[in-house]
Amino acid sequence: MIEAVGLTKRYGDKTAVYNLSFQVRPGAVTGFLGPNGSGKSTTMRMILGLDNPTAGHVTIGGYPYRRLPNAPRQVGALLDAKAVHGGRTARNHLLSLAQLSGIPARRVDEVLGVVGLQEVAKRRSKGFSLGMGQRLGIAAALLGDPQVLLFDEPVNGLDPEGILWVRNLMKSLAAEGRTVFVSSHLMSEMALTADHLIVIGRGQLLADMSVKDFISANSADFARVRTPDTEPQLREKLTSALTEAGGQVLPEPDGALRVTGLPLPRISDIAHDSDVRLWELSPHQASLEEAYMRMTQGAVDYRSVADQRAGLQQPLPPGAQPPMPVPGQGQPGWYAPPPPQQGGQPFPAPQGTPGPSAPAGPYGAPAAPGTAPGGPANPYAQPAPQAPAGAPQPTAAPTAPAPATDPTKSEDAR
Amino acid sequence: MSMAATQVVRSEWTKIRSVASTVWTLSLAVVVTVAFGMLISALAKNEFGSMDARGRLSFDPTFISFAGTGLGQLAMIVFGVLVVANEYSSGMIRTSLAAVPQRGTFLFSKIAVATALALVVGMATSFLAFYLGQAMLGDLKASIGDPGVLRAVIGGGLYMTLITMFSMGVAAMLRSPMLSLAVLMPFFFLVSNILANVSATEKIGRFLPDQAGSKIMQVVTPVDDDTPYGPWGGLGIMVLWVIASLVGGYVVLKRRDA
Amino acid sequence: MIELEGLSKRYGEKVAVNNLTFTVRPGIITGFLGPNGAGKSTTMRMVLGLDRPTAGDVRIDGRHYDQLKDPLTYVGALLDAKAVHGGRSAFNHLLCLAQANGIPARRVHEVLDTVGLTAVAKKKAKGFSLGMAQRLGIAAALLGDPRILMFDEPVNGLDPEGIHWIRNLMKSLAAQGRTVFVSSHLMSEMALTADHLVVIGQGRLLADTSMADFIARNSHSYVRIRTPQRERLLDVLGGAGITVVESGAAVLEVDGDKSEAIGELAAQHRIVLHELSPQQASLEEAFMRLTAGSVEYHAHDGQPPAPAGPQRQQWGGEWRKG
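Line order of the protein sequences matches chains A, C and P.
Number 320 in UniProt numbering belongs to position 320 of the first sequence; there are no gaps in the numbering.
Number 42 in UniProt numbering belongs to position 42 of the second sequence; there are no gaps in the numbering.
Number 112 in UniProt numbering belongs to position 112 of the third sequence; there are no gaps in the numbering.
No lab work stands behind these hints, which were simulated from the structure alone.
Some hints could be false.
[Said to hold, decoys possible] Cross-link-like lysine-lysine pairs, in silico, DSSO-like; alpha carbons within 30 Å at most:
no. : chain 1 : residue 1 : chain 2 : residue 2
1   : A       : Lys-126   : P       : Lys-258
2   : A       : Lys-14    : P       : Lys-14
3   : C       : Lys-254   : P       : Lys-126
4   : P       : Lys-126   : A       : Lys-126
5   : C       : Lys-254   : A       : Lys-126
[Unchecked claim] Derived contacts from chain P toward chain C, CB cut-off under 7 Å, selection only:
no. : residue
6   : Asp-51
7   : Thr-54
8   : Leu-72
9   : Tyr-74
10  : Asp-80
11  : Ala-83
12  : Arg-88
13  : Leu-97
14  : Ala-100
15  : Leu-290
[Unchecked claim] Here's a subset of chain C near chain P, in silico, CB distances under 7 Å, partners left out:
no. : residue
16  : Gln-7
17  : Ser-11
18  : Thr-14
19  : Asn-86
20  : Met-92
21  : Thr-95
22  : Leu-97
23  : Ala-98
24  : Ala-99
25  : Pro-101
26  : Arg-151
27  : Arg-175
28  : Val-191
29  : Ser-192
30  : Ala-196
31  : Ser-199
As the structure is a prediction and not an experimental result, all values here were calculated from the model.
Every residue, glycine too, gets a C-beta built ideally from N, C-alpha and C.
Put together the whole structure using the sequences plus the hints.
Structure (structure tokens):
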């Protein structure tokens, strides 16, 4: 069990972590989420006694890490897979760690087997790929057979087989009653792995709850409804009937409807009453990513904006096929018409001064910003070129679910 | 369909001026060459009185003011190596070759830009080293108008430039800054000196790039000198070395996967 | 469009890429999948003319890469985010690439804005986090506004906001009619991003199909049904020759992709359905099934080798007591 109480870390003026209190319980995989720069790594380093908190404290099993008797056998951590002396072989690296804490050498061979590196055990680790380095780091974390495990971005660089393995490894470690604390940026991966979530943003606790509760609390469930493709008028008919009944209906990219605000049986009845046949009627929960995005808005460090122009392209070579038209994308060209500029435009829109040095391509075309960037309060309203130009651009973002997020039947349904 | 070379030259100029190593290697070359030349010149002035006749006959005030070249050239070598081999150590080479797939254009634009810069710095260093060195020599000083002196001073600049080009070719062949420096540093600092000072190998040592090239900086031929080439002949030998290393570098870049 | 024909690459004895033939088409996102060591990166390097094929051919819009004038305006690629000179600023890094291809300097400011690095444009790249380096690499790929884009593991190191952004960026690039070719190890991410898949294993082509086909072919799909008129529906489906499995209380399952047929039958017989959801295995499962046997480093099942179990306990006990 890891327990943080009022944990605070300041670097000069900058507060990296502020008044963080949480518990990481044994027997579950606890995910640790937050945007880049939100203080996740700092927190992990303080848990491991690498950084000293400015205020508050964090304990493992009741002791601060530095006072933990035989710490390497109680706590295993993977922080930075590349933090290995490159000239040493994988086996010697582990052996040196084992000897430091009086772990017998045969345990080294055991963990090498567990992570699948026994064949390269005698090779110098500087020749390792990121994925192999990651496996070596996991081996080091498992070495002392510890009750508490910390992983920072464990699937970085692993291939799908490795990702599946790490996921199952973490679940089985938790099932054995260990405490597993894992940070990751991969929401879809976290949704499959973690039972519990701790979310921080700008160094402060944003959420500490189960994955299920987190998703329900931060997003709305919805139903996916599909009518026969052959009769588009049925779709219109159902849309108006559902809207009349108080539901919100949004089109999905594949022609289905996303309905919120009405329970499934009610949708079924409405369809029945209006004589619309259904090809699909499935309950969906928003993805962990959507829920996370909604919660952490405004706590992001590097924010992207829409690419402003598309004027550099080479003309198509003779005989090459023109770009395929994309259904549902009613854009005439690559320039979206310049939207009315709203307040808070963070950068001046470059207006087309023809580039004299441009040898090819229509450099001179006025660069129309694809869309107006959202107000500073809301990065995800961001426009982005992906929004179909035909659809009215939602300006108030929080109510607009990102339409591109879930075009597939994802695992949420199960 | 070949890449416009002027574009690539501009790009390489941006690359070379935007890294700190360019500034510190080149300024180190200037400072070391000039300062060391001044120091040796000052010492030589004090020792002249105690020299025998042969020594006085061989006394070459111009050459003495270039005494720092042997050390200063090491900074030029580092400059040349870093310009080329840092592309490999950083992985930038793949980005660069994706932008300029004509590998010859890429390599020779890079070398042209670095060479031009080395020439400017080399010439400035050479003239500075000469004038400041002569100032240290007092009465013993040579004048730029004396026969052979201008040739030696311009030759000093050319020597610095050629040594940079040579190391760029070597770096293109070896594709690693550490490896290139590990080959070039001992070569110029140790091997060349050892060969020159052991009588059995002395004659071979004369045909190494640095020894042949440095002949251009001599104005007074030592009394018992039997070198089979003159100043320009020596520089010609050095140019052959440079051509060989650049061709080698080009062939390696052309043949090998990036 | 990228066309590969019989592309092969051998390093000495080892065959990295073996006779690959496929086409990456414009207007869609093509995912490029395979286990570590399958030859994905080698293939991408050959597309860019960085590695020379041992045999076969790869063409960009009909031409070899080195025949393209100002290639960055045809193909933008992110291969390795850390392939940047650490001592150069982000701005100068992009500027030197732009100059090499006759792209005006103001485009550099635009792409820096696009990837959100304007604030750190003058900072040296060696201070960048992996996520920032990744954004810089993406900026370099967008620099020439190319018709073809290639990304090798683009979400590496990005935070959720960045992942969300790059996914939408790729979708919009494809929607603009560009060719987008992207490799990734993150199946759940790919499932959200790619329309088409090219899968290789040990250098050989394993699949070249649409995402939907790939999942359908390599995994099991079924339809889940809930209805208040359970008995009637069972009769109707039985009558139509559809096999139904009863799975738990009030839930029926039908094998295969039959949701449309079931919906039509239910409507025809005026049966109310409270759920009719097609269920599919994940891309990950489909991928695992296809590539089993072409994986380089096999880990054991999260547990030490069989006999080690009790041993480990014993061993653990030893020191825990002490």
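Verification of the supplied hints:
The hinted pair formed by A:Lys-126 and P:Lys-258 fails the criterion: a straight-line CA distance of about 52 Å is larger than 30 Å. Distance check on the hinted pair: A:Lys-14 and P:Lys-14 sit about 52 Å apart at the alpha-carbon level, beyond 30 Å; violated. At roughly 29 Å between alpha-carbon atoms, C:Lys-254 and P:Lys-126 fall within 30 Å of each other, so this suggested pair holds. About 20 Å separates the Cα atoms of P:Lys-126 and A:Lys-126, which keeps this hinted pair within 30 Å; it holds.
At roughly 28 Å between alpha-carbon atoms, C:Lys-254 and A:Lys-126 fall within 30 Å of each other, so this suggested pair holds. For P:Asp-51, the shortest C-beta to C-beta distance to chain C is roughly 4 Å, which falls under 7 Å, so the interface hint holds. With a cut of 7 Å, the hint placing P:Thr-54 at the interface with chain C is violated, because the nearest CB-to-CB distance is about 11 Å. Against a cut-off of 7 Å between C-beta atoms, the interface hint on P:Leu-72 holds, since the closest Cβ of chain C lies about 5 Å away.
A least Cβ separation of about 11 Å between P:Tyr-74 and chain C goes past the 7 Å threshold, and the interface hint is therefore violated. At its closest, the beta carbon of P:Asp-80 sits 6 Å from a beta carbon of chain C; the interface hint therefore holds under the 7 Å criterion. Given hint, P:Ala-83 at the interface with chain C, holds; its Cβ is 3 Å from that chain's nearest Cβ, closer than 7 Å. Interface restraint check for P:Arg-88: the shortest CB-CB distance to chain C comes to about 5 Å, inside 7 Å, so the restraint holds.
This hint holds: P:Leu-97 has a C-beta 5 Å from the nearest C-beta of chain C, less than the 7 Å allowed. A hinted interface residue such as P:Ala-100 counts as satisfied when its beta carbon comes closer than 7 Å to some beta carbon of chain C; here the least separation is about 4 Å, so the hint holds. Interface restraint check: P:Leu-290 against chain C, minimum CB-CB distance 29 Å, threshold 7 Å, status violated. At a threshold of 7 Å, the smallest CB-CB gap from C:Gln-7 to chain P is about 5 Å, leaving the interface hint in force.
Proximity of C:Ser-11 to chain P holds as hinted, the smallest CB-CB distance being about 4 Å (cut-off 7 Å). With 7 Å as the threshold, the beta carbon of C:Thr-14 comes within range of chain P, its nearest partner Cβ sitting at about 4 Å, so the hint holds. A cut of 7 Å between beta carbons decides the hint on C:Asn-86: the least distance to chain P is about 6 Å, and the hint holds. Checking C:Met-92 against chain P: minimum C-beta separation of about 5 Å stays under 7 Å; hint holds.
Restraint check, C:Thr-95 versus chain P: the minimum CB separation of about 5 Å is within 7 Å; hint holds. Against a cut-off of 7 Å between C-beta atoms, the interface hint on C:Leu-97 holds, since the closest Cβ of chain P lies about 6 Å away. Hint on C:Ala-98 holds. Least Cβ distance to chain P is approximately 5 Å, under the 7 Å limit. The interface hint given for C:Ala-99 holds, since its Cβ lies 5 Å from the closest Cβ of chain P, which is under the 7 Å cut-off.
Taken as an interface hint, C:Pro-101 checks out: its beta carbon lies about 4 Å from the nearest beta carbon of chain P, inside 7 Å. Checking C:Arg-151 against chain P by beta carbon gives a least distance of about 38 Å; that is not within 7 Å, so the hint is violated. About 14 Å separates the beta-carbon of C:Arg-175 from the nearest beta-carbon of chain P, more than 7 Å, and the hint is not met. About 31 Å separates the beta-carbon of C:Val-191 from the nearest beta-carbon of chain P, more than 7 Å, and the hint is not met.
Interface restraint check: C:Ser-192 against chain P, minimum CB-CB distance 31 Å, threshold 7 Å, status violated. Because the closest C-beta pair between C:Ala-196 and chain P is about 37 Å apart, greater than 7 Å, the hint is violated. Because the beta carbon of C:Ser-199 sits about 46 Å from the nearest beta carbon in chain P, more than 7 Å, this interface hint is broken.
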